[in-house]
Amino acid sequence: MTLQDVKKTALASIWFVFLTFPIMVIRVNTITQTVVWRWHNMLYIFLGTFFGGLLWRFALTRRKVGAKPIVQTEDEKAAAAQSAAATTGLKGTVAQLKVRLAEPAVRKSLIAAGLVLVLLFPIFSSLYQTSIMITALIYVMLALGLNIVIGLGGMLHLGYIAFFAVGAYTYGILYRFFDVGFWVALPIAAFFSTLAGILLALPVLRLRGDYLAIVTLGFAEIVRILLNNATGFSGGPAGIRGIPRPTFFGIQMNLATVSIYIYYIIVVAVAVTIFVVWRFENSRIGRALVAMGEDDIAAEAMGIDIARVKLTAFALGSFWAGIAGVIFASRTTFINPASFTVWQSIIVLSCVVLGGMGSIKGVIIGALGLILIPEYLRAFSDYRMLIFGAVLVIMMVFRPGGLIQKKRKAYTFAVQTEEQG
Amino acid sequence: MDFDYFLRLFFSGLTRGSIYALLALGYTMVYGIIKLINFAHGEIYMIGAFTALIMATVFSFTGMPTLAILVLSSLVALIYSSAYGFTIEKLAYKPLRKAPRLSVLISAIGMSLFLQNYVLLAQTSNFLPYPSLLPQVPVPRFLQGIINSQQIIIFTTTAVVMVLLTLLIKFTRMGKSMRATSQDRVMATLVGINVNKVISWTFLIGSFTAALGGILISSFTGQINFYVGFIAGIKAFVAAVLGGIGSIPGAVLGSLVLGMTESFAAGYLSSVYEDVFAFIILVLILIFKPSGLLGRPETQKV
Amino acid sequence: MYKRIAVFAVILLLASAMVFAGGRQEAGEIRIGVAGAHSGDLASYGLPTVNAAQLIADEVNAAGGLNGQQIRLFIEDDQCAPDVAANTAAKLVGDRVVAVLGHICSGATNAAMEIYTGENIVTVSPSATSPPLTQSGDFPTFFRTIAPDDAQGQLQAEFVAEELGLTSVAILHDGGDYGRGLAEFARAALQANYPQVNIALFEGITVGAVDYSAIINRIGAANVQGVIYGGYHPEASRLVTQMRAQGLNLSFISGDGVQDATFIDVAGAAAEGVYATGPMDTSASPVAQAARAAHQAKYGEEPGPFFMNAYAGMQAIVNAIRTAGSTDPAAIMSALRSSPVDTPVGRITFDERGDAIGVGFAMYQVQSGTYVELR
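Chains as they are written, first to last, in our numbering: chain A, 1 to 421; chain B, 1 to 302; chain C, 1 to 375.
Please keep in mind that the hints were generated in silico from the structure rather than gathered at the bench.
Please note that the accuracy of each hint is not assured.
[Unchecked claim] To spell it out: a stretch of chain A is covered by chain B in this simulated footprint if at least three of its residues, at any positions, have a beta carbon under 8 Å from a beta carbon of chain B; those stretches are: (1) 19-27; (2) 181-195; (3) 213-227; (4) 249-256; (5) 346-359.
[Unchecked claim] Not everything, but these chain B residues come out facing chain C in the computed CB check (under 10 Å): (6) G175; (7) S200; (8) V228; (9) S271; (10) D275.
C-beta: ideal position from N, C-alpha, C; glycine also.
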């Protein structure tokens, strides 16, 4: 950090004072025709942007120095471990810790601890904690599903929430007209949302990039507007109330117990999703999807049936959204079209990108973070969404590839060098 | 339903289309250069309109004539919005030049959220009445009841802006640099174009048109709050894609098609479903012309 | 696979750390939740309620508190989204609030009530007007200081048919929960009681659209004498302004979403003559005047939508706790039902279902820039 930097930052702060002048300093009320001048805000802006700016500059220079290649082969890992052992001081300790964590034994015990925590979580946490964790896990499911389309297939899908809506409304409508319960509705809703996914995918097989994005966005809006206006069928804007929570072999439970029960249902659902997505990724069609995401023409030339791969991706992605939708409906017991706006699609998309496209681990962290952060930001009340917006920008600037960048499978030939042999 | 009715719907479609066009122009220019769907564009529009409102109220205390207030406050607002556009690009997009495209998109979404809440907190959450800055003058008799002077001002402004932008891009040095950058950024750098400068200019110009749109629309609708940018932004994005994103005449054509579709759907069918019809038209056009009305077909490199 | 679960472990460790960090209990305070949309597009309807709660809490606390205890507010944002509202409600339950002022939107209120009901938390909403909230009987702890939509629809129909004597109307709505509900109640009331009134058009408009001239042209072509609109004031003022600009001088009748001073300020001259149903006029009452003055003094601007209802709701909660002398839900509820309180919306108690007695609707008309109660 040189004097030059400090000077530059100070100049930038003056620029921000100028920039925010009309909005921050002047406050008009066109009704009473009064103007309030808030000069003190100029000082706050200057100080805030100055110190913020110094941090920003510092972090940006660090980011430039610390840029590392993503692909790591076994050799590089070993080299990193060696260099970690060689370095001393805090950096060395951290690096050593990383290596230690990568050891199978340590990892296994950590995982066991994690599993126990996941299972015990609702028992020693409050209703609120369980409740937001359920919401977060619903978004984990959504993000995992969307990850199939975006992260693996590279198709920008802005209408994913529509399938979530199809799932939730299938349960709602089945309950409304046929008094169907949770467990019966679950497979039916999954079927319908998968069907909707295929129906959307068929006309858009030819579209790419942002054109695909806009059509999917349009599809979601059409679904929402139809639900909003088909009053007799979907309840219109007033939605469907009193949707039953899941029962356990016909046993009704009180709120606290049923929340824990829903928590376990969603944990199992997420576990199944992770397993299936993980298997899918390494399956023939999954790899075909990744290949298509990289370069669809090359993939087609290699003999991949692009249409089939796209349809599979959309169908599988929508399937999980449908399941998540049913759990969502049973949990809030009330659904209306306001829960399924473009904004929700954007949130799910942010989960995927923020966590790291294509990486299951990353997407899970992204979704948990993105849903839980605003909840924990409640302490900042009014400033909550402001901070959330800033966090999104900062995260992207400093981790553009997402929190956990996908490691591509790298096949190295087993040519052992002498030092390691 | 008679011909007058048709004409009225036509002009209301034209108004909508012109408004979308002013926003879509900025979208499409930014997209052309850095392939980014700039979600914060709608917020620039909102900030431009808000700044004009604040300035107009402040100036109105000095007892200036209305026309002077209009010109001065718009000028300040346009300068400020351009400055916002410029700063946003430097802060949220420039550090991401080499990042995956979707990361920049999320950064843009974050920026949009931040700006909305910034105005909400620094100003107010309530709707504020927006002074009618546009002069209301009587129109020729045969147009009365079909169109009013505000609408005429909106069409004319849009047309002028589009012509100016086209000229700028066709004939000026900066315009040529922009075209070169949008075709191939690396090559542009090699032939000595300062790409960062080109991008900054694109944001300046895009924000300028967005703010212009903001001022016109807000004085047309007569009210504003911090949230007006979001929906208008999404619509403009749709219009830009419909016309073929990256193309300036395409953005205007797409906006007009979108505006007309909505207007006629609302007039002859049902206004609840105007967005549904707009999106259906969009899907149909994209199915038959997958890169929009005037978009260049994506060259598929094999 | 293992790695993935390891990530879970870390997250949950963090989460559980937060569990233990929160939830501390301090004695000697009465906890009241304030929930509603405090961010997003509907924030302008939720934030005035926060101001109302804050004003009363400050006043009570400065005067020595409630039953010797200080009021502590728990202000929580639900963004008017049902799913967020469910979490908000769970949070307030966890914070052990004794009563909640909120929520703002009917949908969010419905989702939140599913949680409060089981926990016996008294809830007073200033603005959730959906009839089933009280009429279904599902939520015994729910109260509101605003009349339900069906009462309003009935009054509008009566006014249109009997006072104005119109024979042909168009009904518009904003497609939202409140707006569409209100429009449908008005339509139902017209069809049931006044078959002579022809409903030429029943249509929704798109909120936030940049221009409404297409739908206005349709109204013009439908040859009606009046327009009934269900929705909020931002759209209403644009509809009215554009209608007048196109020379359509029809009667415009709307509900309490429009019966708001901002409507007149925004619509200006075009607002003149507009009818709107709203809570009976009590703005001249000393309580309302004082509330308004207090808001002016603290926040430097006029109170926003539902402020008076929120103020009344908070007063009712405070009064009920004081009368009951405890924070026992059953005692508070019985006090709400039996002990009247003077509020900006009148002297109110609540009936068995939770609707406020003494809160009714009256028809207003904009005359020389203010709403004037008719009759």
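**Report entry** Numbers of the earlier hints that this structure fails to satisfy, in rising order
**Finding:** 2, 4, 6, 7
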